[in-house]
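Trainee: Here are the chains, one letter per residue:
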Amino acid sequence: MIFNEEQSMLQDTVRAFVQEHAPVADLRAVRADVNGPSYNLELWNQLVELGLPAVALPEQDGGLGFGYMGLLAVLLETGKTVMASPLVSSVAAATSLIQLAGTDDQKSLWLPRLTSGEITATVAVQEGRHYSLSAMQTQLVGGEIKGSKSMVMDLAEADLLIVIAKTAEGKLAAAVLESSKADFDAQRYCLMDGRKYSDLTFTQTSVAPGNILGEGADRTAEIEQALNIATIATAAEMVGGAESLIERTVQHLNDREQFDVKLATFQALQHRCAEMYCQLELVKSAVFSAFARLDRGKDIHKAASQVKALANDYYQHISNEAVQMHGGMGVTDELDVGLYLKRSRVCNQLFGDAAYHRERYAKALGV
Amino acid sequence: MSDLNTFREETRAWLLEHCPESQRQPIVKSEQIWGGRNRKFPSADAQSWFEAMSDRGWTAPTWPTAYGGGGLSAEEAKILQQEMARLGCRPALYEIGIWMFGPALLAFGTEEQKLEHIPKIVRGEIRWAQGYSEPSAGSDLASLKTKAEDYGDHFLVNGTKIWTTNAQLADWIFCLVRTNPDAPKQQGISFLLIDMRTEGVSVSPIELISGESEFCQTFFDNVKVPKENLVGELNKGWDVAKELLKHERAMMSSMESMSEKEEFSLVDLAKQTLGVDAEDALNNAEVRTKIAALDMEMQAFAQLNERMFYQHKAKQSDPRLPLLLKHIGTKQLQRKDELLLEILGNKSLSWESPASSHTEHTVTRNWAFDKAHTIAGGTSEIQLNIIAKRALGMAS
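Listed in order, the protein sequences are those of chains R and F. Residue 367, in our numbering, is where the first sequence stops; the numbers in between run on with no holes. Residue 396, in our numbering, is where the second sequence stops; the numbers in between run on with no holes.
Since the hints were made in silico from the structure, they are not lab data. The model shown is predicted, which means the values in this text are computed figures rather than measured ones. Certain hints may be false.
Stated by the list, open to error - If the Cβ cut is set under 7 Å, some of the chain R residues that face chain F in the computed set are:
(1) Glu281
(2) Phe288
(3) Tyr361
The beta carbon of each residue, even a glycine, is placed where N, CA and C say it ideally should be.
If we strip away everything but chain F, and leave its shape as in the complex, we get (with noise of 0.2 Å):
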């Protein structure tokens, strides 16, 4: 038997040792279990599952065993998540600090830096957040006025950041701060972590159209930051960000599979909804045409995202492939809650109302936020800018 096949024998009866029954269910969005000072647990089943699996540093299972990763290869990571896909296992925690920003201070932060916070996240001991877009720079992110003065041991930090998700509930947030307001817009740009209990940090939470209130704007009044926080040089924080914008990216495509929300099959739901005929057939032909047509594209991205696999396993990866990943995976996402809405009818159209089901209220509101995938982390448009100039060469 290979060490692969071990490996998996392994892995699969240790899931079943220590993830319970209860932890074996459909995720549903109050029983996701985020990092944090203040984290609860829903249950002391979910409070085993997590602990057993932080503990192994499966949390962030190919980050080195050093900071408390799992220290597993890619392969290895691959059949953690294809067995825990087949038992049914919860993630065992949500945190963008294993999504993005860990990977980011992996590549740039200092030793000290990365003893300091990389086992807090991994163990989510400390939820981050993310300090990038300003009410006047969103697409155009180098434009962010945000300013941190060199204060000789410290840094004074002032201005404000917006969309910056669950800012209410973070401990940490990580920050693009200007730090040189003479150099070129993207030169002067430093990335600073802030302890959001340090005195002048606020935080104001933002209504969405879909009733949401995860997005937040944080106010910084005369903030002071150690200087020990800069992760990179000074004035070299763009470089950190692009590192971190490519896991924001791939996370964001891959949303679907988060599990992050509840989500429905277009299949039943239809069927369910619309009813079948005497050959168990959809009876409405162009919503059947509908989802064989979305269903063989989502399959189609599902392909191009295994390929990539390979290709990383084998040392041969197409630089251009990742950069299609947002794009793709975020339209599609939106044209499967525009058909599930017109599947539903009417009764997708409450907003909170004895008239619609839970499903129905759902998948209503994941239509509404959804809207924001298109936008969040890089436009759709700055996505296609790119792909034209990066993957296919064309002139600027």
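The following block holds chain R by itself, in its conformation from the complex (with noise of 0.2 Å):
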């Protein structure tokens, strides 16, 4: 529920570079660059080169074995400056897909390359305009892949893309496909983040079964496990984002006079940012808990819902406190905090949007 001595070094190490190298500037450079590449490239090396690929696997896998609450320490530091990065892509989704649903030969064909990071990977999953597993219609059979998959991100920089589809039998199978390579259609945009996406087609895209996960073996249960670690990952980052924009909230509000008092002193304000500070710890909470759960090797369905549905609903409200309590600036473009609230509602679509995570944490609840 803590981190431990290494894991808190590592939070610092990481807050420290961010801070100094990756500030809020750096992803208006990413989102003006339209053509350009979804994260700054030079700046993911040089995370590459402080070993965080490879952060969360355990050592025989060739992690540096930090554990996921390692991956967890890093994630809240991004998400403050709401930085750029495959992160949760590459590392969280795709990476822990390998190792949890691949057979021996094929996690050390990839893993040693995703944790060097001498590649990266991402993940399509999400169709239409909501994610739900359970409503998935790309279908694996017979070695081809057919369907269309939406909102994949940071698919120009990956080398590996890791198709999730259904199984004639109605399993889940994960296709390992080169991005370069493969033969299916991509259509790039970005989004009002900043970084890009791709909506991507397969009309009859084949697949090797040495590049299908499990080869063969049903591997449902491990590409949930995999799904749910990119879930609450991708809360991680969120929370990371909140916390930032109450920081910066109070700060305004300590700062800034109008009818000769400072606006803090204000208890209708007071109260509002109490209580944005009161959901702040809830959901960091319960973060560290399902991240906690993850390294003990306990089930963590019902705890992504959690994280996820409570990320979002927070978030969204935090955003939108910080943006009002900012007043006429929190609408500029030039104010940092209009980011956080496009990036929030990037990441509510990401991996389930509260709705969906309700209703799946009910049926976990037996209701």
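Two chains, two separate frames, one set of hints: put the complex together.
Mentor: Structure representation (structure tokens):
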């Protein structure tokens, strides 16, 4: 439930790096370069040098053994400056998929290159407007993928693309494609968070048996688990963002004077900030609990839905309040607060919105 | 095996030996054991369970053994709590002295005061009441007027205290009294212990919207209180009060787990009342969503408490987090009450009639009673003020 000494030191290191080298201005540069990469490649290479792609995995899989709690320490910090990076797409989602669902051969083929940062990977899972595993229609039958995917993160930079699809038996399967060679249509676009996403169409994309994780064995549970990891990783980044927003807002209210007093002295504003802070610590506790469960090998199906629904609702609320409390400046593009507001809405749609996760949680609860 | 594992094994074995089967059933209010000169045990089993626990000092597990406490570390106390929960053991003693007053006396009392009062709390011999609020001093507690005048060997106390929980059953009351009327508000207050049997003390119960009368108004009319009953320094009672308030707020935030009242599972009650479809999902989709939304927030609150526990254990406590507990816990409790009422529909509207069941009446009365939680012990508005100033550093 709390960081150990190594994880705390890692958090300090990443915090220092992010605050110095990856301020919000870096995201603005990524956003301005409409045809450029989805994240600053040079910054990413520096994170690779810190060993971040290997942070969560155990040593026998080429990881650094910080555990997923180590990844949490990283994501809380990158979330604070809404830093664009493939930490969710490649490190949390794709790497976990291969580690959990891959055969030994598949793991030894791909994991060392992923953990060393030599390559990155991304995952195509969502379809249509809303993320829903149960409504997924893309098929992987007879060695061919048919269907379409939406909102795929960081595709242009990724060496590998892992497509989640349903088998003829209705099980989940994950196919690993070399994104530059595989045959599919991709439409790339920018979203309001300044990052690039892609919609994909697979008409008859063939996949070699060796590229299907588990090589024929049913990997539904492992795939769901990897997606749960991606879900809580997204939430962790959101918590970092929400924390930074509260700091920025309180700072503004302590600085700004109207009617000859600091805005922070108004009780109406104090109470709203206090409520935001309660929400922050609640969802942060839930996120710590989910990552701790993960490292202890416990099931996180229900925890993932709890964490993501809370992160969605709270970050949305906190970002709205932050804009309002910054007054006129809050609605200018010049102020960074607007970037958090937009990032919150994009994160809402990644790996399931609040309605999806409340419904999923209700099922797990038995109602 | 680590020491803690050994402790867990031994504790479990001890509990199995000493906690009778009848004391491992969910507690009902009429069988709660409260301390006091006139304490009564509902059964022989209840008495033997209480005595086993108090003999070990486990009614106050972390208090020093020198004063009759259990002398356990925080980790051991948590294990005891976990093992009691696992076996379904009832709390051995309900007592304000355990929850609030004892910790403050341990921090501020003299050796004589601790030796005099703490063992009696642990053994449930004395029941304590709290005398803080006054009719004209609620959230602005420091404006209290009950005065204690110095008469050499004793104080003479005059005034009245309100919301004195169960004062009609209490043996002693700890009070905040004004000892210096000329000093700024908080600097003229002292912390005084008063035996309820003293001449001039009288109590009258107050009926609440829940129909209960646990709260009282207590009157002090020329009450003589010996000087040795002053806790902490003269005019420094506010420091003691602040220490005590911390424990009160922590206690109120965990009201639900104290199982002071009969509690009902939202999921079970909703299924029984509203019915389920072929897939065992609740028929009413909106209630289903509300249950999920509330349950995940209540889980997060439990996880916040757990995170604080691990921080404490690692000596890395974040001082901001305890400030949040009372507001969040009481608000969630009230949301749960409202949802239960919504689920029960018009069967939740009866006060006492054959039209509604015991469960329905209890849900309704809890709902009304729990309105007090966001008022007592510092209103939610005061809590939010404190969070804004002390946790967030907002200018005042």
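Trainee: All hints, please: hold or fail.
Mentor: Hints, verified against the model:
no. : hint   : in the structure
1   : Glu281 : 6 Å, holds
2   : Phe288 : 6 Å, holds
3   : Tyr361 : 5 Å, holds
Against the hints set out earlier in the document, no violation occurs for any number.
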